[in-house]
Amino acid sequence: MFEPIQRCWLRAAALALLCATAACSPTEYQNTKLDSGAANPERRSIAPSSPDRPTILMTFSGGGTRAAALAESVLRYMKGTTYIGADGQQHRLIDDVRLVSSVSGGSVTAAWFGLRGPDGLDDLRSQFLTQDNMRRLELDAVNPITWFRLAFTKFTRIRAEEDLFDAELFRGATMGELNQPGKPFILPNTTDMAGGQTFVFSPQRFDDICSNFDALKISTAVASSAAFPIALSPVDFQNHSGDACAGMLRQDQWATVALNNPYSQYLNLPNYRDARYTNDLRRGKYPFRNIEYLHFLDGGLADNLGVKTLRSAMVSSHDAVGGLFAINTGQIGRLVVIMVNARSDPPNGLYQKPNTPGLIDSINAVAGAPIDANTANSALALQALLTELEQAAQGARSNAGFKGMKIYGITVDYDQLPADTPENRALRDAAKDVPTTWTLSPDQLAVTEQVGQFLLARHPCFIQLTADLQATTPSGPPAASPVPCPTRAITK
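For the sequence shown, my numbering begins at 2 and goes up steadily by one.
FYI, nobody ran anything at the bench for these hints, they're computed from the structure.
Each hint should be verified, as a subset may be incorrect.
In silico SDA-like pairs for lysine to any residue, Cα to Cα no more than 20 Å straight-line [to be verified]: (1) Lys-80 to Ala-480; (2) Lys-34 to Glu-293; (3) Lys-80 to Arg-117; (4) Lys-404 to Leu-325; (5) Lys-407 to Lys-433; (6) Lys-407 to Pro-49; (7) Lys-184 to Ser-50; (8) Lys-184 to Met-194; (9) Lys-433 to Asp-444.
Label pairs and their calculated CB-CB ranges [what the hints assert, rightly or not]: (10) Ala-385 to Val-258: 47 to 57 Å; (11) Ser-482 to Lys-286: 49 to 59 Å; (12) Arg-172 to Met-249: 24 to 34 Å; (13) Asn-261 to Pro-358: 36 to 46 Å.
For clarity, every value in this text was computed on a predicted model and none was experimentally measured.
Think of the CB as a built atom: it goes at the ideal place given N, C-alpha and C, for glycine as much as any other residue.
Use the sequences and the hints to build the structure in full.
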């Protein structure tokens, strides 16, 4: 999600000169071609070490440092939540996170969590969340050396943000360091600006463009996910599939079957579109679009919550994550889905203005309202899917692998903040007024972190999960929820 226009107007003006000088700079493509015989192996697994342990899938929304901090606070609370497993050992709930689908600011926390693990959260806070990152970007914008690099080298406006992520956090680390056994799937999402599709940074998708996934810098993936349009230039990739790819690519027969079936677009239109996009990227027969180059902008333009990628990982038979296989074979006994939504909804004063809103207010509405509406629809659809899975698990035949699987759908959203007391109303108003820039004041960071832990701890499905696990939270044993967990209510 993007910072409100009126709050970044001066910053955009400072970047205007960069826009003009960047026009004649040569293009640098950030991806590399797969060598002959090379592959993009998937080394991670979604299945838990034991079916009694929960499998936690998460989405982190966009929203600058606000989103990064909200996601960090949720992870921190999960780190402090412990339970005794069937093996008699104490486990932290955070160690059960198997997948994070992320967008924009949420991708910063997701990538850092994947790289450094639960014990690296303190460093994320000290090295990024508490820093004045906007000041560094603004200083870069007015630096004559930056102007020269933009005009005469392959340096682009998005590289300033990428350099920030690399210098402060990732320091040259590559996606191959995330793609390791025992680590969770970290799946940053960006938007293919030409076609409007979500492009997920995964070994499977990199097969489609014949590119080396492990060699890509983490900072490039995160910057692609957070490339705010206009202020920042797109991240550019070259599609190497048209160069007689000699790499070892995974099977794409599912896409061929879907496209050759004359009824696919009627039976499952989203799957048909994904098959068509895969075929286009692979430069297959009868392409819908001839894709030679890809240009990526902020993932929030297509899906600000990362739900599409999460849904595919759970129920798509061709997704390399393998969630559907793990569910069908009974490897997952408890499925926990946590959506962390940092969407911005600050008071804007329009309800008190008698005059027709001006240009800036109109642009804010056009930019923000569709993203919020799409996010709400995506979250609603995912909740419906979880309820269907719960019903299927409880009504399945005794020999079904997923028989009795328990599902917990948890959403952390600012709209869940209560207004029943003056203290809660003050917390709600302070939280909603936190901007979506790359810099937060100490008070804004404290409010954001307080809200994340407050909302997670009081969610009925989180309370149900901790009760079922007989877990202890940082706040002590959880109190009983006044309402049942929505995705579990049908089993009561």
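Each hint tested on the structure:
1. Lys-80 to Ala-480: Holds, at roughly 19 Å.
2. Lys-34 to Glu-293: Holds. Lys-34 to Glu-293 sits at ~13 Å (cutoff 20 Å).
3. Lys-80 to Arg-117: holds (14 Å)
4. Lys-404 to Leu-325: The given pair, whose Cα atoms are some 14 Å apart, holds under the 20 Å limit.
5. Lys-407 to Lys-433: violated (33 Å)
6. Lys-407 to Pro-49: At roughly 14 Å apart (the allowed maximum being 20 Å), Pro-49 and Lys-407 satisfy the hint.
7. Lys-184 to Ser-50: With a Cα-Cα distance of about 12 Å, the restraint between Lys-184 and Ser-50 holds, given a limit of 20 Å.
8. Lys-184 to Met-194: Since the Cα atoms of Lys-184 and Met-194 sit roughly 30 Å apart, the hinted pair is violated (cutoff 20 Å).
9. Lys-433 to Asp-444: Within the cut-off at roughly 13 Å; holds.
10. Ala-385 to Val-258: 47 to 57 Å: Distance hint for Ala-385, Val-258 is violated at roughly 27 Å.
11. Ser-482 to Lys-286: 49 to 59 Å: holds (54 Å)
12. Arg-172 to Met-249: 24 to 34 Å: holds (30 Å)
13. Asn-261 to Pro-358: 36 to 46 Å: violated (50 Å)
Checked against the numbered hints given earlier, the structure breaks hints 5, 8, 10, 13 and satisfies all the rest.
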